[in-house]
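J.: Single-letter residue listing:
Number of protein chains: 2
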Amino acid sequence: MTASDMTIPCFDDVTAARSRIEPHIHRTPVLTSTYFNTLTGAELFFKCENFQKAGVFKARGASNAVFGLSDDMAAKGVATHSSGNHGLSLSYAAGKRGIPATVVMPLTAPDAKKDAVRGYGATVVECEPSTSSREAVFADVVAQTGADFIHPYNDPRVIAGQATCSMELHEDAGPLDAVIAPIGGGGMVSGTCLTLSNISPDTKIYAAEPKNADDAYRSLKAGYIIADDAPDTVADGLKVPLKDLTWHFVSTFVTDILLAKEQEIIDAMYLIWQRMKIVVEPSSAVTLAAILNNKEQFAGKRVGVILTGGNVDLKKLPWMQA
Amino acid sequence: MTASDMTIPCFDDVTAARSRIEPHIHRTPVLTSTYFNTLTGAELFFKCENFQKAGVFKARGASNAVFGLSDDMAAKGVATHSSGNHGLSLSYAAGKRGIPATVVMPLTAPDAKKDAVRGYGATVVECEPSTSSREAVFADVVAQTGADFIHPYNDPRVIAGQATCSMELHEDAGPLDAVIAPIGGGGMVSGTCLTLSNISPDTKIYAAEPKNADDAYRSLKAGYIIADDAPDTVADGLKVPLKDLTWHFVSTFVTDILLAKEQEIIDAMYLIWQRMKIVVEPSSAVTLAAILNNKEQFAGKRVGVILTGGNVDLKKLPWMQA
Chain Y
0 MTASDMTIPC
10 FDDVTAARSR
20 IEPHIHRTPV
30 LTSTYFNTLT
40 GAELFFKCEN
50 FQKAGVFKAR
60 GASNAVFGLS
70 DDMAAKGVAT
80 HSSGNHGLSL
90 SYAAGKRGIP
100 ATVVMPLTAP
110 DAKKDAVRGY
120 GATVVECEPS
130 TSSREAVFAD
140 VVAQTGADFI
150 HPYNDPRVIA
160 GQATCSMELH
170 EDAGPLDAVI
180 APIGGGGMVS
190 GTCLTLSNIS
200 PDTKIYAAEP
210 KNADDAYRSL
220 KAGYIIADDA
230 PDTVADGLKV
240 PLKDLTWHFV
250 STFVTDILLA
260 KEQEIIDAMY
270 LIWQRMKIVV
280 EPSSAVTLAA
290 ILNNKEQFAG
300 KRVGVILTGG
310 NVDLKKLPWM
320 QA
Chain H
0 MTASDMTIPC
10 FDDVTAARSR
20 IEPHIHRTPV
30 LTSTYFNTLT
40 GAELFFKCEN
50 FQKAGVFKAR
60 GASNAVFGLS
70 DDMAAKGVAT
80 HSSGNHGLSL
90 SYAAGKRGIP
100 ATVVMPLTAP
110 DAKKDAVRGY
120 GATVVECEPS
130 TSSREAVFAD
140 VVAQTGADFI
150 HPYNDPRVIA
160 GQATCSMELH
170 EDAGPLDAVI
180 APIGGGGMVS
190 GTCLTLSNIS
200 PDTKIYAAEP
210 KNADDAYRSL
220 KAGYIIADDA
230 PDTVADGLKV
240 PLKDLTWHFV
250 STFVTDILLA
260 KEQEIIDAMY
270 LIWQRMKIVV
280 EPSSAVTLAA
290 ILNNKEQFAG
300 KRVGVILTGG
310 NVDLKKLPWM
320 QA
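Line order of the protein sequences matches chains Y and H. Number 260 in numbering that gives the first Met the number 0 belongs to position 261 of the first sequence; there are no gaps in the numbering. Number 7 in numbering that gives the first Met the number 0 belongs to position 8 of the second sequence; there are no gaps in the numbering.
No lab work stands behind these hints: they were computed from the structure. Because the structure is a prediction, the values reported are computed rather than measured. It is possible that part of the hints are untrue.
[What the hints assert, rightly or not] Derived list of chain H stretches under chain Y, where covered just means 3 residues or more per stretch with a C-beta under 8 Å from a C-beta of chain Y: (1) 49-57; (2) 265-273; (3) 276-284; (4) 305-318.
[Stated by the list, open to error] Residues from chain Y that keep clear of chain H, each with C-beta distances beyond 10 Å, as calculated: (5) Ala15; (6) Arg17; (7) Arg19; (8) Glu42; (9) Thr107; (10) Pro109; (11) Asp110; (12) Gly120; (13) Glu134; (14) Val136; (15) Ser196; (16) Gly222; (17) Ile224; (18) Ala229; (19) Gln273.
All C-beta atoms, glycine included, are put in the ideal place defined by N, C-alpha and C.
Based on the provided sequences and hints, a complete structural model is requested.
T.: Here you go:
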């Protein structure tokens, strides 16, 4: 058992999350594009979580966890280990509530990411870039502060928070034949399953995954969780493996996991920037790349596409690398 | 006298333009940003014409000109000389109406720009990169086709079209203390003057201009049009001079023209991409740079900021240049 103790969130948790986080997050817009409809033959509805607080959908789950704490618990603060979007989102939410947050990050993480976390008022504690160091340092932080550990995705509070995204999408786009979201640890996909299986059970749920980090794809085919060691992909938010809670949702509700190669992800990201004039990170673009690889599956359908975030280093864009 | 014959458009032309172009353009969103409100001390309302058809506000003026033609006139087509956004926008509008469009472009213009014009079904006719060649080639095109010349900005139909932008901004943002738009030839600023002087005469109108191409600034101070030869700025949409029609509006209604240096424009553009997660071209960012240079003038005010377009070469971003 993990920290989750397999408490599977239910739809009531989603509606509670929605009221709880509403003052702290953006209701992000749903954009359409004639160009992409023509290109894919489908009718696409892009849910723009790149416009979300902290630049990513994870502000939803983090806000739900932080604002759901009792005052006593909250006073001790929250903690996580993450060099990416979850650390940033948890710092945002804790800053909003005015409680301490500690993020354990490897010494080697870029200064810009550490500065962004500190910018929201959180504390960065550095560890060596190894799992053993990270776990030791993190255990130390929790022992000293009594902070609540908010896992990036394998936490029912986090999944219920992410689940609010597809509620908004469903309301704004109307009934959808399918929804596709990128999959890494499976937090967003699990939230999507939780919501749509309740309010729109006929909507098929697809996950999009980099071929270079296709552990969720192989897990779904195998029927059990396969976790790879250190996969490498430009979609750096999608390297982490499924865990028990997210596996529950993925294995129960996901129709298929569709893959995209590195260059396809980069091309799709470039096209989104060029045609939609929005900044999205590579993880977001995996969805469009997967649709383009499977046009026949989506042609003529109304498809929701979750663009998960927009946090990218503008000075190191993937199409500029040699 | 120019092609305009100084027919000054009136507010009825704007309301007519609005109904005429509505089916062919986007009602672009107005975005807000807590970050930029804090940074500037003002309350900013960003009108996102980077999301406009053809990626730029000029789709408004071009559509108004093209769809206002009689069927006889339209059959002969439209023509312009432009290696930038106007050529693209005119091609878009002509393609929408299904009439011929010819764009005279220098041999030296990037292939990507020629391909974009051709992508909308227009014809590119190449000239030498000199004013004399351009004028000779253009005269030839008009003589052969009888096409209607649509000037990029010194045309009452074009100004009335651009004027629809601030109508939408006024409706969506509510009453504004000030509106700021970038100035090159003055088409957008003239349209803004035309609309706001009628529906919101207390709103102050500012123009933002690159210091490296400050001919409009010097014109306003001098009281007559000063046209520079070939100014150089990263905001390549803003190199052209005022003409009689746009000078009329600028000299009558603009409160002030505010300047920004090259690095300030690039920094503002970077900040907009990073914080708002949208792709805007350098010309758009001159507005924010000018506000940051004149914070005291805007502090505590409700300010509309027109982000004019999003057509940029994603492979050559100004902060990547050595």
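J.: Each hint: holds or not?
T.: Okay, the hints, checked on the actual structure:
no.: 1; hint: 49-57; verdict: holds (count 3)
no.: 2; hint: 265-273; verdict: holds (count 3)
no.: 3; hint: 276-284; verdict: holds (count 4)
no.: 4; hint: 305-318; verdict: holds (count 5)
no.: 5; hint: Ala15; verdict: 25 Å, holds
no.: 6; hint: Arg17; verdict: 21 Å, holds
no.: 7; hint: Arg19; verdict: 20 Å, holds
no.: 8; hint: Glu42; verdict: 17 Å, holds
no.: 9; hint: Thr107; verdict: 23 Å, holds
no.: 10; hint: Pro109; verdict: 14 Å, holds
no.: 11; hint: Asp110; verdict: 15 Å, holds
no.: 12; hint: Gly120; verdict: 14 Å, holds
no.: 13; hint: Glu134; verdict: 33 Å, holds
no.: 14; hint: Val136; verdict: 30 Å, holds
no.: 15; hint: Ser196; verdict: 30 Å, holds
no.: 16; hint: Gly222; verdict: 38 Å, holds
no.: 17; hint: Ile224; verdict: 33 Å, holds
no.: 18; hint: Ala229; verdict: 29 Å, holds
no.: 19; hint: Gln273; verdict: 6 Å, violated
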